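Undergrad: Letter by letter, the chains look like this.
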Amino acid sequence: MTDSATVTDLISERLIPFPSPHFLSAGDLNPPAALGLLDLADAFVDFNRQSAKSLDLMHGRTVVNIFFENSTRTSSSFEIAAKRLGADVVTMPVQASSVAKGETLIDTAVTLNAMKPDILVIRHASSGAAALLSQKVGCAVVNAGDGRHEHPTQALLDLLSLRRAFGDVGGLTIAICGDIAHSRVARSNVILLSMMGARVRLIGPPTLVPGDADRWGCEVFHDMREGLQGCDVVMMLRLQLERMEGALVPSTREYFRFWGLDREKLAWALPHAKVMHPGPMNRGVEIDSDVADDLSVSLIQDQVEMGVAARMAILASLANLRGAAR
Amino acid sequence: MTALAILNARLLDPATDYDGPGALLIEDGRILEVVRGGATQVPAGVEVVDAGGKCLAPGLIDIRVKTGEPGAEPKETLKSASLSAAAGGVSTIVIQPDTDPAVDDPAMVDFIQRRGAALNLVNVFAAGAATKNRDGQRMAEIGLMDEAGALYFTDGDKVIANSRTLQRVMSYAAAFNALIACRPADPWLTEGAVATSGELATRLGLSGAPAIAERIQLERDLALVEQTGARFLVDQISTAGALETLARARAKGLEVAASVSINHLCFNEIDIGDYRTFYRLDPPLRPESDRQALIEAVRDGLIDVITSAHAPAPAEDKRRPFGEAAPGAVGLETLLSAALMLHHEDGLELLDILRPLTHGPASLLGLDSGVLAAGAPADLVLFDLNAPVVVDAAKLKSKSKNSPFDGRMLQGKVLGTWVGGRRVF
Numbered sequence: 260m261t262d263s264a265t266v267t268d269l270i271s272e273r274l275i276p277f278p279s280p281h282f283l284s285a286g287d288l289n290p291p292a293a294l295g296l297l298d299l300a301d302a303f304v305d306f307n308r309q310s311a312k313s314l315d316l317m318h319g320r321t322v323v324n325i326f327f328e329n330s331t332r333t334s335s336s337f338e339i340a341a342k343r344l345g346a347d348v349v350t351m352p353v354q355a356s357s358v359a360k361g362e363t364l365i366d367t368a369v370t371l372n373a374m375k376p377d378i379l380v381i382r383h384a385s386s387g388a389a390a391l392l393s394q395k396v397g398c399a400v401v402n403a404g405d406g407r408h409e410h411p412t413q414a415l416l417d418l419l420s421l422r423r424a425f426g427d428v429g430g431l432t433i434a435i436c437g438d439i440a441h442s443r444v445a446r447s448n449v450i451l452l453s454m455m456g457a458r459v460r461l462i463g464p465p466t467l468v469p470g471d472a473d474r475w476g477c478e479v480f481h482d483m484r485e486g487l488q489g490c491d492v493v494m495m496l497r498l499q500l501e502r503m504e505g506a507l508v509p510s511t512r513e514y515f516r517f518w519g520l521d522r523e524k525l526a527w528a529l530p531h532a533k534v535m536h537p538g539p540m541n542r543g544v545e546i547d548s549d550v551a552d553d554l555s556v557s558l559i560q561d562q563v564e565m566g567v568a569a570r571m572a573i574l575a576s577l578a579n580l581r582g583a584a585r
Numbered sequence: 077m078t079a080l081a082i083l084n085a086r087l088l089d090p091a092t093d094y095d096g097p098g099a100l101l102i103e104d105g106r107i108l109e110v111v112r113g114g115a116t117q118v119p120a121g122v123e124v125v126d127a128g129g130k131c132l133a134p135g136l137i138d139i140r141v142k143t144g145e146p147g148a149e150p151k152e153t154l155k156s157a158s159l160s161a162a163a164g165g166v167s168t169i170v171i172q173p174d175t176d177p178a179v180d181d182p183a184m185v186d187f188i189q190r191r192g193a194a195l196n197l198v199n200v201f202a203a204g205a206a207t208k209n210r211d212g213q214r215m216a217e218i219g220l221m222d223e224a225g226a227l228y229f230t231d232g233d234k235v236i237a238n239s240r241t242l243q244r245v246m247s248y249a250a251a252f253n254a255l256i257a258c259r260p261a262d263p264w265l266t267e268g269a270v271a272t273s274g275e276l277a278t279r280l281g282l283s284g285a286p287a288i289a290e291r292i293q294l295e296r297d298l299a300l301v302e303q304t305g306a307r308f309l310v311d312q313i314s315t316a317g318a319l320e321t322l323a324r325a326r327a328k329g330l331e332v333a334a335s336v337s338i339n340h341l342c343f344n345e346i347d348i349g350d351y352r353t354f355y356r357l358d359p360p361l362r363p364e365s366d367r368q369a370l371i372e373a374v375r376d377g378l379i380d381v382i383t384s385a386h387a388p389a390p391a392e393d394k395r396r397p398f399g400e401a402a403p404g405a406v407g408l409e410t411l412l413s414a415a416l417m418l419h420h421e422d423g424l425e426l427l428d429i430l431r432p433l434t435h436g437p438a439s440l441l442g443l444d445s446g447v448l449a450a451g452a453p454a455d456l457v458l459f460d461l462n463a464p465v466v467v468d469a470a471k472l473k474s475k476s477k478n479s480p481f482d483g484r485m486l487q488g489k490v491l492g493t494w495v496g497g498r499r500v501f
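Here the protein sequences line up with chains A and B, keeping their order. Every number in this note's numbering is 259 more than the matching position in the first sequence, counting from 1. Every number in this note's numbering is 76 more than the matching position in the second sequence, counting from 1.
Among the hints, a few may not be true.
To be verified - Computed spacing ranges between beta-carbons, pair by pair:
#, chain 1, residue 1, chain 2, residue 2, range
1, B, D347, A, P539, 53 to 63 Å
2, A, A373, B, P146, 31 to 41 Å
3, A, D268, B, S365, 54 to 64 Å
4, A, T370, B, R214, 37 to 47 Å
5, A, P280, B, P146, 42 to 52 Å
6, B, S365, A, T466, 43 to 53 Å
7, B, A470, A, D366, 37 to 47 Å
8, B, A193, A, P509, 57 to 67 Å
9, B, G483, A, P539, 36 to 46 Å
10, B, D347, A, G429, 32 to 42 Å
Claimed, not checked - Capping the alpha-carbon separation at 27 Å, the derived lysine-lysine pairs in DSS-like fashion look like this:
#, chain 1, residue 1, chain 2, residue 2
11, A, K342, A, K375
12, B, K234, B, K471
13, B, K234, A, K395
14, B, K130, B, K473
15, A, K395, B, K477
16, B, K234, B, K208
17, A, K395, B, K155
18, A, K375, B, K473
19, B, K394, B, K155
20, A, K312, A, K342
Claimed, not checked - To spell it out: a stretch of chain B is covered by chain A in this simulated footprint if at least three of its residues, at any positions, have a beta carbon under 8 Å from a beta carbon of chain A; those stretches are:
#, region
21, 295 to 302
22, 387 to 401
I should point out that these hints are in silico values taken from the structure, not numbers from a laboratory. Note that the structure is a prediction, hence the values are computed from the model and not measured. Backbone N, C-alpha and C define an ideal beta-carbon position, used for all residues, glycine too.
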């Protein structure tokens, strides 16, 4: 392992300004900027593996995490990332009910803005909420998931996991499987992975794949065997429980039978294929534990670790964009 | 009332297809004489307005106007809506029944019409609810409301999902020769939808309803019309598929009328762009191919009525994430200028645009206005066909400023509005 002084130097060396004033969509990135962020994130991965993990890159900066939807992993990932960079962090879980009491998103935004944060990280159940917020505040906004629209930091961390596993994502064939229609993870990944030269396939039952998804430049399959053929990566998506039981698929057991990833289906992909999942997993619904927990094929644990590093890279370079860091 | 003469005008009368020079003589609130062509003898003591060759047409009749009176006055009152109408060249408005409480009994019809008349601005009529409290279950007092002056019956944006209820409403209304209007939208396919299904909605992550939701419901409605013999208006048709269904029914001899909102003639789904909530409408905006089909339908007379679909929503209801924003747009004040864009940009004949804004709704609702003829009410609009207008929503007379035309350049400007021979703008 690199010694701590060298890692810190490496981080300063690789620190770039973020390519956009906000990070709302994977489309805010471009290939060189994405690669730059990955290089920076790689340094953060090394740094995070040390026992002393505190930097002062964002000393004095305030990051506010505002989560209108319940989330443990994403909010804590952002919180840890910001803390390791030396920022002051406030995480505000906003119960849906208090918003229903009348305070609109804009009211909340204006209130928060008056407290002069440097970066707002927002998750909201409505598509476009992060973009709306960004128009009303003076600080940088990071979209941590807006409705079924986008989840761009997830796409960057997935890209980071993939690059570390394969060296380069250009030319990889990546299957995104499951509930594409309601997935913000799928939308951001389609944008970013295609941008970086991967071939993206979408696999799922017709009720869960938008009819026009082929116009995203992806191949669409409804049959796992056909779709997984020749794939380097199988990215499974979470299926919300309320969408089962007859609403969009007849039952969890039928879903698992045809679209749940187990050893048998994984064997249809290439022998070296890796498995991903943005979490949290429904074990036995979209993925078999046997596959999910096998570290020789599964990148799922890596994704969580990469999440912190990728978000550190995003926050640090956004802070860097708005005035020299440190 | 004193007599008035409007001279030196370009008269546009869709009822008789006249587009040419002329003058109007007005007395006691009605048109005394329509003079086509050259010079006119004006008797002494008559007030004279020189139109300077500008266009003079029947005042517009807008049959789909929402206000907030009673129940939501900060949104819009009958007064602010009437002022908007006058500024837009609209001389008659028909108020939707979706107030709080709903216009579902004769006293409410009377309330709206009395309050409207007391303002002394434009003609204010009410549409009654088809079912009590617009619940889609229990038939409202259609006969009594008809007697009180309600012009037609509709549950507004709410679809009467229960086919048995609608069947009874239609067959009962036929006894009074009352007009029933329904929005064609399959309630299950459109549940929770804020956009039209398609590549754009998918990319924006917006929940969409397929265009066929409109056709499916229209097929049902028309089957009931065929069975009950009701007079029927298809409220706010917006897709090419539904237009085909309508054309088929007409070809079979079914007498059904159809309306379209000005928004669906002027915008397509691309205008939603980056979640611009002023373009969140109900029905949602459609692809350009649907817009073109609607323009064709206006041209060939398949569509009888153009409405503003005036739906005021205050800023706090619009400045929200797209899916949570209130649907609808104000449109009274911009109705004529926007409609004239269909002439300037989409090549529609002037008379073909004015007909569904004047004579079309008048004959559908049995009004004697909407024409330039001796004896008709002197409800008139004078406009400059070519003057440029930049819409500034902040300056609109409506209490709500949710105009999708905000900041747009339009061509065609209202110069004056008369209602019953009295100048109101």
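Undergrad: Work down the list of hints and note, for each, if the structure agrees.
TA: Hint check:
1. B:D347 / A:P539: 53 to 63 Å: Because 38 Å falls outside the window, the suggested range is violated.
2. A:A373 / B:P146: 31 to 41 Å: At roughly 37 Å between Cβ atoms, P146 of chain B and A373 of chain A fall inside 31 to 41 Å, so the hint holds.
3. A:D268 / B:S365: 54 to 64 Å: holds (59 Å)
4. A:T370 / B:R214: 37 to 47 Å: holds (45 Å)
5. A:P280 / B:P146: 42 to 52 Å: holds (46 Å)
6. B:S365 / A:T466: 43 to 53 Å: Cβ of S365 of chain B to Cβ of T466 of chain A: about 26 Å, so the range 43 to 53 Å is violated.
7. B:A470 / A:D366: 37 to 47 Å: violated (21 Å)
8. B:A193 / A:P509: 57 to 67 Å: holds (59 Å)
9. B:G483 / A:P539: 36 to 46 Å: Given about 45 Å between the Cβ atoms, the range holds.
10. B:D347 / A:G429: 32 to 42 Å: Holds: the Cβ-Cβ distance is about 37 Å, inside 32 to 42 Å.
11. A:K342 / A:K375: At roughly 18 Å apart (the allowed maximum being 27 Å), K375 of chain A and K342 of chain A satisfy the hint.
12. B:K234 / B:K471: violated (31 Å)
13. B:K234 / A:K395: Not satisfied, since the Cα-Cα distance of roughly 34 Å exceeds 27 Å.
14. B:K130 / B:K473: holds (24 Å)
15. A:K395 / B:K477: Within the cut-off at roughly 19 Å; holds.
16. B:K234 / B:K208: Given pair K234 of chain B, K208 of chain B holds - Cα atoms ~12 Å apart, limit 27 Å.
17. A:K395 / B:K155: Given that 27 Å is the threshold and the Cα spacing comes to 33 Å, the pair is violated.
18. A:K375 / B:K473: violated (37 Å)
19. B:K394 / B:K155: holds (22 Å)
20. A:K312 / A:K342: The hint holds at about 9 Å.
21. 295 to 302: violated (count 0)
22. 387 to 401: Satisfied; 7 residues make the cut.
Consistency with the previously given hints fails for numbers 1, 6, 7, 12, 13, 17, 18, 21, ordered from lowest to highest.
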